Amino acid sequence: MILGTVRGNVISTRKMENLVGYKFLLVEPYYGTKKDMIVAADTIGAGVGELVLVTTDETTQHALTHPSPVDAFIVGIVDYPPEEKKV
Amino acid sequence: MILGTVRGNVISTRKMENLVGYKFLLVEPYYGTKKDMIVAADTIGAGVGELVLVTTDETTQHALTHPSPVDAFIVGIVDYPPEEKKV
Amino acid sequence: MILGTVRGNVISTRKMENLVGYKFLLVEPYYGTKKDMIVAADTIGAGVGELVLVTTDETTQHALTHPSPVDAFIVGIVDYPPEEKKV
Amino acid sequence: MILGTVRGNVISTRKMENLVGYKFLLVEPYYGTKKDMIVAADTIGAGVGELVLVTTDETTQHALTHPSPVDAFIVGIVDYPPEEKKV
Amino acid sequence: MILGTVRGNVISTRKMENLVGYKFLLVEPYYGTKKDMIVAADTIGAGVGELVLVTTDETTQHALTHPSPVDAFIVGIVDYPPEEKKV
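Residue numbers (our numbering), protein chains in the order written: chain A, 2 to 88; chain S, 2 to 88; chain X, 2 to 88; chain Y, 2 to 88; chain F, 2 to 88.
Because the hints were derived from the structure by calculation, they are not lab data. Incorrect hints may have been included.
The list treats identical chains as one, so a pair stands whether inside a single copy or across any two.
Calculated pairs, SDA-like style, for lysine to any residue (alpha carbon to alpha carbon, straight line, at most 25 Å) [stated by the list, open to error]:
hint : residue 1 : residue 2
1    : Lys-35    : Gly-46
2    : Lys-36    : Tyr-23
3    : Lys-86    : Gly-9
4    : Lys-24    : Glu-85
Predicted model only: the values in this text are computed from it and were never measured.
Based on the provided sequences and hints, a complete structural model is requested.
What follows is the structure, given as structure tokens:
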């Protein structure tokens with residue numbers, strides 16, 4: 002999964018019918034750069050500034066109640082930034 | 002999903018039969034570079050200059066009326082460029 | 002999909018049985034670099050120098066007559082290089 | 002698969018129900034950079050500093066006892082760093 | 002598919018049960034850099050120094066006798082390095 006920070010909302014009025022009901026959030030990868038920014042669907046209610054876990058591609062479908070054309074989905078909100086250990 | 006701007010059309014006369022009926026649009030990622038340009042199938046009717054949401058890989062199939070060999074599909078037209086917030 | 006130019010053939014005598022019957026073509030992404038060169042299966046008959054549309058990953062299967070372990074497949078030959086418009 | 006080193010844990014209390022029971026580990030690709038850090042689900046019990054094999058995308062599901070929205074999964078612990086041979 | 006050169010073996014004693022029987026090979030992309038090195042499962046018997054074709058993600062499953070959590074699989078051994086033609 003990708004670890005990222007929610008940076009804002011993406012509003013789309015004209016969209017596929019089976020996308021109604023999702024919020025679309027801009028997510029900036031925690032270890033990447035702004036160039037790697039993605040848009041992830043959300044039903045958990047993640048807010049701007051929160052650190053989230055995003056799953057991608059077809060695995061998104063295992064988090065949904067009905068098949069939907071979304072390739073990035075927020076599956077968890079992370080409690081605190083991870084600490085990287087060198088052993 | 003990828004946020005991108007429609008930059009033009011791609012015309013293909015010799016193509017797989019189950020691709021007939023789609024428009025193919027050049028999409029430049031909003032946060033990427035021209036090097037990341039992709040071609041996305043479209044049925045919504047997105048126009049050049051519009052900001053769109055593109056889903057990729059097998060998740061495209063959940064937006065289609067029949068299975069088709071397309072790995073990028075325009076699932077929504079975005080109302081306005083997103084505002085990135087730092088919290 | 003990826004827009005790319007056919008650069009040559011890849012010949013493999015020792016290969017999985019269900020790959021017999023495909024031609025394997027070197028494809029250089031039109032917007033990428035040689036570093037992004039891929040090998041795509043082909044049944045349309047694309048020739049060296051032609052501009053093609055390549056679909057990737059599991060979506061390739063929707064273009065095939067039987068399931069095959071190919072993650073890139075040429076689904077169309079493009080009529081002419083796309084014109085990018087700034088609006 | 003990706004070869005990577007476990008760098009720490011990612012703790013998420015608010016998460017999708019079908020993610021309960023997995024540990025989430027930060028994995029730094031052995032041949033990549035910190036920018037390519039991913040989060041992989043684990044049930045084998047890999048520890049910080051261990052070298053692991055991570056499978057990605059939908060292929061993760063073939064390692065799971067029930068479908069789950071995880072796009073990276075630790076499928077093996079590597080005995081020792083690989084030796085690259087030039088022939 | 003990815004064209005790559007086999008650089009060595011990856012040995013994993015503690016691994017998922019359905020990975021027993023595969024050899025894991027380090028593969029360096031022919032057109033990429035060492036940073037893009039991947040680990041591919043093999044049943045063909047590719048050796049160090051050989052040039053191979055690797056398919057990725059869920060398409061690997063179409064080469065297997067049983068579903069397995071591997072996202073890269075060697076589907077062919079290439080006869081000789083490809084010649085890139087400029088037309």
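Going through the hints against the structure:
| no. | hint | result |
| --- | --- | --- |
| 1 | Lys-35 / Gly-46 | within (22 Å within a copy, 29 Å between copies) |
| 2 | Lys-36 / Tyr-23 | within (24 Å within a copy, 29 Å between copies) |
| 3 | Lys-86 / Gly-9 | between (30 Å within a copy, 6 Å between copies) |
| 4 | Lys-24 / Glu-85 | between (31 Å within a copy, 16 Å between copies) |
Comparing the model with each numbered hint stated earlier shows that all of them hold.
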